[in-house]
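Chains A and B supply the protein sequences, listed in that same order. Okay, so the first sequence: first residue is 31 according to my numbering, each after it adds one. Okay, so the second sequence: first residue is 4 according to my numbering, each after it adds one.
Don't read these hints as lab results, they were simulated from the structure. Check the hints yourself; a few may be wrong.
To be verified - Reference listing, derived: stretches of chain A covered by chain B, where coverage requires no fewer than 3 residues with Cβ under 8 Å from a Cβ of chain B: (1) 249-258; (2) 261-268; (3) 274-283.
Claimed, not checked - EDC-like cross-link-like pairs, simulated, lysine to aspartate or glutamate; straight-line CA separation at most 16 Å: (4) A:K254 - B:D9; (5) B:K132 - B:D101; (6) A:K254 - B:E98; (7) A:K210 - A:D277.
Think of the CB as a built atom: it goes at the ideal place given N, C-alpha and C, for glycine as much as any other residue.
The chain contents come next:
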Amino acid sequence: METFLQQLVNGISQGSAYALIALGYTMVYGVLKLINFAHSDVYMFGAFMGFYIANSSWFQATMGTSVLSGVVVLLGAMVLASMLGILIERFAYRPGRSPSPGTLAFWFGILGAGFGYLLGKTPGAVAAGVLAGIVVGVILEKWGVRPRAQSSSLKILIIAIGVSFFLENSGQQVFGADPKFFPQIIPTKVLNVAGLSLDSQKLTVLGVAIVLMVLLNVIVNYTKTGRAMRAVSFNLDAARLMGINTDRIIAFTFGLGSALAGAGGILVSLMYPKIDPLMGILPGLKAFVAAVLGGIGNITGAMFGGLIIGLAEVMAVGYGQSTYRDAIAFVILVLILLIKPTGIMGKGMVEKV
Amino acid sequence: MLELRDVSSGYGAIEALRGINLSVGRGEVVSLIGANGAGKSTTLRNITGLVPTTSGDVVFEGVRLNGIPTHQIVGMGISMVPEGRQIFANLSVAENLDLGAYLQKNKVENARQLELVFALFPRLEERRKQLGGTLSGGEQQMLAIGRALMARPRLLLLDEPSLGLAPILVHTILVAIDEINREGATILLVEQNANAALKHSHRGYVLETGSIVMEGPSERLAADPRVREAYLGER
């Protein structure tokens, strides 16, 4: 019985981290009907940003292991992750929906940076490459070369996969491919409550996740922007007719989801402090399963889905075999797709005529 | 107030409007009638920027609307009740109405406008806490119109407000449209129900396969033998 309760606590804190990531998938799906494959890499990015903040000389000089330092790392990672999410939306997905000026210049600039690095391997060569790329992009745009406007969901899905690869490989290039050790920013204590040993990390994860989810619910249900988000996810054209700037709401949704993924990155790194640029792939897939399990597009569903996946995983390790740890989420995916493809809380899609 | 000059518009390769000319004067109710697929809805969607103009000009109060995004056009004083109502079924009646006033910052004015909408459709006040999706068809139409009115539009575009409603409700909606017009809004009304539309408008246009084939005062159109045969079911 005690082992069971212990596993339950572990499962819930693991699950709440999955839930945070799953929320980003489900919200973006809600407004764009897109599975944002780059989301798992935003999670990775959040963990690395936390790592760099905690290892910065400024941080080490002023902070120790305290609650405050944990908050600083968390908020910093969330802000940076949300900025990355908004950038991805602005420069990768939005041009896929409707052509916007500056996109070609942006991507040619990045391409130029790569060529500059290959040719020169000096900062000057990279800068020259960026400049050349931007010039080419601007000239092409002047000639009327624009990304095609016809948005098909397949095209945007492929863009999402491309962005994911781009982030993973840039991560290996910039952060280094070898795993790093995430610093212990909050004091480790083990509390014994009624025979259960609860370590402070797991409790922190659980507490922070709950606070963030409550905040998210307030934003979505009780603010004007949240109402606009729900309107956009229900009917894009009708939302436009209300005077809602749908592009801005979509960007906001990406920012919000990415902030939660960044928080997830920090929280998981507190429990499992090994981070590397490909760390997002597996938790990302599991969180995606959690979103589908809860009913994709449904915020409450994503929270429950995350909890169920986390619990199932911990129970599989505790009572079965730890080799099945990563398989259990996919077993659940197969089951849910067979039994109730719309997920626990998902509503059947009604095609309106 | 609103002028369409030689406007062509369409979806990709399909041209739904072929150079139409249309004008709506301040304070008027203008109806646009025609069969299925004639381009009536496209005309309205084109005015609000949901379907791009391929050639010609759309001018509202002296400002060219071509290429301006929909949310800014709404901000300029044009509201549209879309075809099939398209209320937010997952939001309550009150939230739907609040969204209608999304761009209106003045809380006092919004509260007053809400009262006007409730006076027009008392049913909405009774059901303000209910989810939009639980309303009946007629109530949803009232909500769609009320939601559009919350933006305090100077020009209201209505797309088939009578579609799929019981005759008694059609009457309620049309009377409400008269009332909205009397309170100062200019109205462009798209209808398949030509009889009702011509009865409740000052002028009318007849649209056929993307071109305007007839125009004039509503009484004259209603009396025209061609209109009577094609749209009013007489021979």
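Hints numbered earlier in the text: which of these fail when held up against the supplied structure? Hint check: 4 and 7 fail, others pass.
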